[in-house]
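**Student:** Chains as they are written, first to last, in the numbering used here: chain A, 20 to 495; chain B, 3 to 209.
To be clear, the hints were calculated from the coordinates, so they are not data collected in a lab. Watch out, some of these pointers could steer you wrong.
Derived EDC-like pairs: lysine to aspartate or glutamate, alpha-carbon spacing no greater than 20 Å straight-line [to be verified]:
#1 B:LYS90 / A:GLU132
#2 B:LYS186 / A:GLU201
#3 B:LYS90 / A:GLU197
#4 B:LYS190 / A:GLU30
#5 B:LYS207 / A:GLU30
#6 B:LYS186 / A:GLU30
#7 B:LYS191 / A:GLU28
#8 B:LYS207 / A:GLU28
#9 B:LYS90 / A:GLU201
#10 B:LYS90 / A:GLU28
#11 B:LYS186 / A:GLU197
#12 B:LYS186 / A:GLU327
#13 B:LYS191 / A:GLU30
#14 B:LYS191 / A:ASP208
#15 B:LYS191 / A:ASP154
#16 B:LYS160 / A:GLU30
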Amino acid sequence: MSDLTFSPEFENQIRVAMAVPDPSSRFLDDLRRQLITQSEITRARRLGIFRRPALRRGIVILIVMLFTLFAVGPQRVVAAFQRLLGYIPDFGLVDQSVPIRVLEEPVTQARGEVTVTVEQVFLTAENTVLHYTYDGVSMVSTSEADVHCTATPFLRLPDGMEFKAGMGWGTDSDSGFEYRFEFPPVPIDIDDVVFFIPCLGSGTPDSTLENWEIPLHFVPAPPEMTVYPVIELPLPTSTASGTEIPAQTAAPTPKDALIYLTLDRVVQLEDGYIFYGTFHWESDIYLQVVPLIPRLLDSEGRGILVEEVNPAYVDEPQTHQHPLTVRTLESFAPGPLILVLEEALVEMPVDTSFTFDAGPNPQPGDVWELNQEIDVAGNSLTIVSVSVVDSHMGSLGYEFKVVIRDRVNGIYLVDQEHPVMGGGGGGGGDLPQNMQITQIFYQNELPSGQVTISIPSISLKLAGPWQVEWTPSEDQ
Amino acid sequence: MLVIPLSTFTPILYEKAYYMSTPMTKTKPNPIDDVSRLIANVRQDPLAFARLYDLYSTSIYRYLYSRVGNQADAEDLTGQTFLTALEKINRYRERGRFKAWLFTIARNKALDHFRKKRAEVVLDVAEIHTGQNDMLANLIQSEQIQELSALIRSLTQKERELLRLRYVADLSYAEIATVLGKRKDAVKKSLYRLQARLQNQLEVKNV
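So that you can see chain A by itself, here it is in the shape it has in the complex (with noise of 0.2 Å):
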């Protein structure tokens, strides 16, 4: 396409036939603070939404670490184990000790310009992950007739029965677009099933894009499939709970807040490494801990790019651990690698309330500067002032300005007292330094006379760096 050569200049004249005001800082700033409490949201709903995948996979490989403890003897429970796990790309770790399948070649169908292929499956005790992509096909829709697909695949047995896709993720790919679905596991002694796939992308209905039946053939992994070894690492001796943290703090440190870092195991790629640690906290004052900006240093002190391979859930909440994996993007110097992790999110339960004189009859535009100090959990606030505020869909609320310092990264306020509709907050933008700003919008007509607020919990920051460090051993 080289010789298609386009002029700048009248690449401009279209820029600017066709230009658009920017959007005023207002609305940037507004929905900053919309996304940052959404975002608030986001990571809360990952605690509940993921626990439990996570936990039945915890479970797995302490019943295998159990039956190979009881089978070779502690001393050796670390060097069998990491005979059993192994880790496939584009899959991830899997127990080695029992059998693998793999689809037997790459499945394609053509409609017209639509190709579909099936380009692996692999098949465990634990699960089947489908990897497919297609071509021709749009992902957007066109016009208003078209249909936009929302019906998940599923694979069918001889028996009939039906294995819906569970969790996946979709992107595109070089060609087109590619998928990756998990289902259940497929019974040992069926090596035949029908992958259907109810529809493709967007577009008008019609039978290229929907109803697609891709007959599958499954046979054991053969003996040369890439796996990658895992280098099981020991849990450290010092990370016992109740060690004592120096109080290098004015505000208190409770003494059993112990937060570190371990590294549970390694996967030898060829180009480089996959760091599979674990954050852990041993105490129930934090309603969750989140590690943030993890890096990795060689023994030159440089900063490794690095990237999470699977986005870090937590498990059960009780079990106080947060898992992170990354894989080195780059090459590095030899000798010790740093993972560090150089701060941490911490939600910490209080119990704090505030009131202010919202007066009679409370309307848009009505401010209170209040100025009032209130300690939470040993850290001092200031609610600078409250005012009405119209969210422009039908209700009323009011915004709080907050002053928070020090290791505060935020406060969450609520009504507790009367039904909200919403709200959301932040800080940044145009607001001044270290300041906060709260919005609670009600369902009904604003709170008038004594209005009490609620400090649930609080946000603090935590400064690292908490790190591991590992040497690969010189055959590695």
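Given chain A, work out where chain B should sit, using these hints.
**Tutor:** Chain B alone, transformed into the frame defined by chain A:
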């Protein structure tokens, strides 16, 4: 099975020593920010999504404004776009095409909007608020630009969308290909032909 000898493992525990005094603050987008790093951060802490928002909010808004032709709807759809992106970001697989992924969401939001409104607004140059940019206003007043605007308005919806993704949203050919579900070469060829046609029509008018 390859047996790997256990490696040296040196746990170093760093208890929390002190708390940072930095509150949650907005930082200006840094041009050297690596989007991949940002996405990795967002997957760990959704609060980091604000940095992605800083990078793309203006271009998403401008694209949507170009689609709907008024500030209120553009703002509404921009909000919807980023809220959806935040919700779905764990389904995005890093391939260096985050911008295309984001614009696909924006485009779908616009299409949903038109389904409800039953009509697409063709943005008229006269609607453009140019008070903030006198130079732009002067350019728009020029006769040739007005003729070009008229020609663009006479294009089909698909053709206008192609121009919009390229010259309003500033997407690369590869990113446009991703959004439209086409091949990069096909996108480049279509744009080339479209430009050549517009240029030719302008010349004919001026003659």
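**Student:** Next, verify each hint and record whether it holds.
**Tutor:** Hints versus structure:
1. B:LYS90 / A:GLU132: With a Cα-Cα distance of about 29 Å, the restraint between LYS90 (chain B) and GLU132 (chain A) is violated, given a limit of 20 Å.
2. B:LYS186 / A:GLU201: violated, 31 Å
3. B:LYS90 / A:GLU197: This hinted pair holds, its Cα atoms lying about 16 Å apart.
4. B:LYS190 / A:GLU30: holds, 13 Å
5. B:LYS207 / A:GLU30: holds, 18 Å
6. B:LYS186 / A:GLU30: Since the Cα atoms of LYS186 (chain B) and GLU30 (chain A) sit roughly 19 Å apart, the hinted pair holds (cutoff 20 Å).
7. B:LYS191 / A:GLU28: holds, 19 Å
8. B:LYS207 / A:GLU28: Roughly 18 Å between the alpha carbons, so the hint for LYS207 (chain B) and GLU28 (chain A) holds.
9. B:LYS90 / A:GLU201: This hinted pair holds, its Cα atoms lying about 17 Å apart.
10. B:LYS90 / A:GLU28: violated, 39 Å
11. B:LYS186 / A:GLU197: holds, 17 Å
12. B:LYS186 / A:GLU327: Violated. LYS186 (chain B) to GLU327 (chain A) sits at ~29 Å, over the 20 Å cutoff.
13. B:LYS191 / A:GLU30: At roughly 15 Å apart (the allowed maximum being 20 Å), GLU30 (chain A) and LYS191 (chain B) satisfy the hint.
14. B:LYS191 / A:ASP208: Distance of about 51 Å is beyond 20 Å: violated.
15. B:LYS191 / A:ASP154: holds, 19 Å
16. B:LYS160 / A:GLU30: With a Cα-Cα distance of about 18 Å, the restraint between LYS160 (chain B) and GLU30 (chain A) holds, given a limit of 20 Å.
Taken one by one, the earlier hints fail for this structure at numbers 1, 2, 10, 12, 14, listed in ascending order.
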